[in-house]
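The numbering used here puts the first residue of the sequence shown at 289, with every later residue one more than the last.
I should point out that these hints are in silico values taken from the structure, not numbers from a laboratory.
Hints may contain errors.
With a cut-off of at most 27 Å between alpha-carbon atoms, the simulated DSSO-like pairs for lysine-lysine come out as follows [as the list claims (entries may be wrong)]:
1. K464 - K411
2. K294 - K390
3. K390 - K411
4. K406 - K390
5. K390 - K320
6. K390 - K380
FRET-style restraints, in silico, Cβ to Cβ [what the hints assert, rightly or not]:
7. S401 - Q493: 16 to 26 Å
8. W477 - P337: 39 to 49 Å
9. D350 - V433: 13 to 23 Å
10. G360 - G447: 13 to 23 Å
11. D350 - F316: 30 to 40 Å
12. G360 - P292: 13 to 23 Å
13. S445 - E334: 20 to 30 Å
Idealized CB from N, CA, C, for every residue including glycine.
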Amino acid sequence: MGYPYKLPDLAYAQDALEPYVDAATMGFHHDKHHAAYVNNLNKALEGHPELQGTDLYALLSDLDSVPADIRGAVRNNGGGHANHSLFWKVMKPGAGGVPSGKLAEAIDSTFGSFDAFKEQFTKAGMTQFGSGWAWLSVDSNGGLVVSSTPNQDTPLSAGMIPVLGLDVWEHAYYLKYQNLRGNYISAWWEVVDWDAVASNYSAVQVAMDIADVVGRVKSSWNKIFG
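Based on the provided sequences and hints, a complete structural model is requested.
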């Protein structure tokens, strides 16, 4: 992920996640909202050539190092670009179900069961006041953590690497579900691509085995979002 940033193509048609995520929402969400984050991020960085060679993961992981005049724009629009880039990748037509393999083992070990994890994650999305995200991330010790962030904030800024993210901004669901966020979240589970989430988790685990903290964040970031 490098400057100038580009809107990633979807790996599926905009109506492919029907009836759970409708085509109209996907069109506005990807083509308008995500595109605006990309455009605004590029505008913020065009006057700062010293930052244009820095990966987005690094900017979001160390926002204090970003000049104050564009820090908010990078936080909001860089976060929006990164968050949505992950979001599209962890959904797939005909997906849903439950995870398997090492990810399933880690979820069971951390949360007690998949159902307990699902309940905690859903609660994170439901109780996030206003706009924001729910996350499953890997912390610096390799453990799984469920959290939520406001607006377009990302777990990267808290030293964690997200492997699954759920957008709970109203633009993600209002056309179909209106104010019924719970119905949207319930439907969203039917399109979660657990193979993609497992791949993200594996990338973080492998990187942690072979690199130091900075290297593993960069390596896994590039694998998941690049």
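Next item on the list: Report the numbers of all earlier hints that the structure fails to satisfy, in ascending order.
Entry: Of the numbered hints given earlier, those the structure breaks are 2 and 5, listed in rising order.
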